[in-house]
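> Kindly produce the complete structure, drawing on both the sequences and the hints.
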Amino acid sequence: LAPPTNCIIKSIFASLFSASCSATVLKNIAMPSYKLVYFNIRARGELTRFVFAQAGVEYEDYRVSDWAAEKPTAPFGTLPYLEVDGKRVSGSTVAARLVAEKHGLAGKNDVENAAMAGVMDAVADYQTKFFECLFEKDEAKKAEKTKDLNEKHTPLILGKLNDMVAGKFLYGDSPTWVDLGAYLVFNDVAKDDNIQKTYGKFCGVLKEVENLPNIKAWMEKRPKTDMDI
Amino acid sequence: MSYTLYYFNGRGSAEAIRLIFAYAGVEYKDVRYEQEEWPKQKPKMPFGKMPVLELADGKMIPGSMVIARYLGEKYGLAGADAVENAEICGIVDAMVDLAKEGGALFFEEDKDRKEKMLKKYLDTTIPSLFDKLNQLCSKDGYLWGSKLTWADLAFHRAFEYASAHHPDKEAILDKYPALKTLRSLVEQNENIAKWIKERPKTKF
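Residue numbers (the working numbering), protein chains in the order written: chain X, 39 to 267; chain A, 209 to 412.
Any given hint could be a false lead.
[As the list claims (entries may be wrong)] Straight-line alpha carbon distances no greater than 25 Å define the calculated BS3-like cross-link-like pairs of lysine-lysine that follow:
#, chain 1, residue 1, chain 2, residue 2
1, A, K319, X, K179
2, X, K180, A, K322
3, A, K267, X, K239
4, A, K411, A, K237
5, A, K340, X, K179
6, X, K179, X, K190
7, A, K377, A, K340
8, X, K175, A, K308
9, X, K185, A, K252
10, A, K324, X, K198
11, A, K252, X, K167
12, A, K324, X, K167
13, A, K267, X, K146
14, X, K198, A, K319
15, X, K259, X, K245
16, X, K175, A, K319
17, X, K229, X, K239
18, A, K267, X, K140
19, A, K327, A, K383
20, X, K190, X, K180
21, X, K183, A, K319
22, X, K146, X, K239
23, A, K328, X, K109
24, X, K185, A, K248
These are computed hints drawn from the structure, not numbers from a lab.
Here it is as structure tokens:
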């Protein structure tokens with residue numbers, strides 16, 4: 039090729055190459071690198087995994103096999119923690135909230151975000167009571183806790199959540215991390231006929247969560263674990 | 209007044225919030241319900257629990273750590289972006305178990321259970337948390353970064369939870385020199401010192 043044409047072709051290639059380079063660099067700057075560290079179970083890791091799935095954000099879903107070896111390196115000797123560009127965020131709700139707020143699954147401002155986190159706090163509280171009841175070994179205490187759960191805690195929170203429903207989901211027609219969290223905590227409880235009848239709107243939200251394409255896809259492809267929690 | 213804080217008449221899980229208000233010099237209505245009033249007030253709370261923070265527009269935010277975080281971030285006691293704020297929150301999250309166990313200990317009536325719980329609290333819960341916190345604090349004197357954040361105020365509360373059940377309050381932090389210094393630093397702040405001196409003296 040004659041030198042001028044060669045130069046033109048070279049410069050076109052050069053500008054395309056640098057344009058794609060910039061785009062890649064920009065993409066890498068924009069999208070943090072995430073690594074979720076947890077055991078190979080659902081439990082406290084699953085909410086953050088659900089948030090990543092629904093948001094369509096890539097992350098490394100690291101599942102610890104040798105806990106004794108890894109424990110000293112966990113920020114507080116506990117899991118889950120989320121590594122974000124080398125920084126480490128400890129705690130399941132803290133991690134889920136960070137990803138949700140960064141990737142469109144939360145509110146529009148700090149007040150809305152705090153209000154949502156407050157609801158999740160109540161949901162997490164309920165889950166703790168649920169597990170305390172489930173794992174209580176003393177028969178008398180267990181009976182007492184079960185009674186409290188069935189007569190007080192479950193109706194209270196389901197009533198509040200049911201009243202909150204503002205569309206297909208809790209806050210309108212788009213899902214937030216609170217819907218995902220509520221699904222994980224209440225999905226089994228909600229299968230009860232009585233619950234379906236009494237808290238129909240909330241149970242409807244859970245069905246909508248289940249039908250979200252990204253959530254469906256995640257639930258189909260996620261690792262099958264030994265424990266059903 | 210823009211803010212109203214609702215809680216029982218005690219420190220409990222509201223005190224970290226009150227420390228943040230005090231440190232930041234922000235006024236608020238400090239509503240305290242006695243046990244007898246609680247059944248009447250319970251339905252007014254978003255999820256039947258306290259603490260709750262009511263904002264100027266009437267919005268009610270539940271969850272002690274959620275409220276503390278909201279105020280901490282609003283009043284300059286946090287990081288520069290979402291990830292830093294999450295790091296700070298993760299540190300406070302690690303203190304929650306100690307607070308929960310401390311609370312459970314306070315209310316446990318069965319002597320045998322209480323004894324077992326106390327042993328775990330003193331031998332395992334407190335040391336493993338304070339060990340990690342001390343490591344964090346040893347670098348720059350604060351739990352996160354090189355400035356005071358709401359995590360440091362939350363730590364002061366965690367220290368109070370630990371000392372409530374410890375046979376020798378003043379000695380708890382002997383093994384954790386950086387935390388000992390941090391505790392003094394917080395208490396010597398003019399606003400905090402004033403609050404600690406003037407706050408209602410309560411059982412919990």
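> If a hint holds in the structure, say so; if it does not, say that too.
Hints, one by one, checked against the model:
no. : hint               : result
1   : A:K319 with X:K179 : 15 Å, holds
2   : X:K180 with A:K322 : 17 Å, holds
3   : A:K267 with X:K239 : 23 Å, holds
4   : A:K411 with A:K237 : 21 Å, holds
5   : A:K340 with X:K179 : 34 Å, violated
6   : X:K179 with X:K190 : 16 Å, holds
7   : A:K377 with A:K340 : 19 Å, holds
8   : X:K175 with A:K308 : 20 Å, holds
9   : X:K185 with A:K252 : 24 Å, holds
10  : A:K324 with X:K198 : 36 Å, violated
11  : A:K252 with X:K167 : 22 Å, holds
12  : A:K324 with X:K167 : 20 Å, holds
13  : A:K267 with X:K146 : 15 Å, holds
14  : X:K198 with A:K319 : 36 Å, violated
15  : X:K259 with X:K245 : 19 Å, holds
16  : X:K175 with A:K319 : 17 Å, holds
17  : X:K229 with X:K239 : 13 Å, holds
18  : A:K267 with X:K140 : 23 Å, holds
19  : A:K327 with A:K383 : 18 Å, holds
20  : X:K190 with X:K180 : 15 Å, holds
21  : X:K183 with A:K319 : 19 Å, holds
22  : X:K146 with X:K239 : 24 Å, holds
23  : A:K328 with X:K109 : 20 Å, holds
24  : X:K185 with A:K248 : 22 Å, holds
The earlier numbered hints that this structure contradicts are 5, 10, 14.
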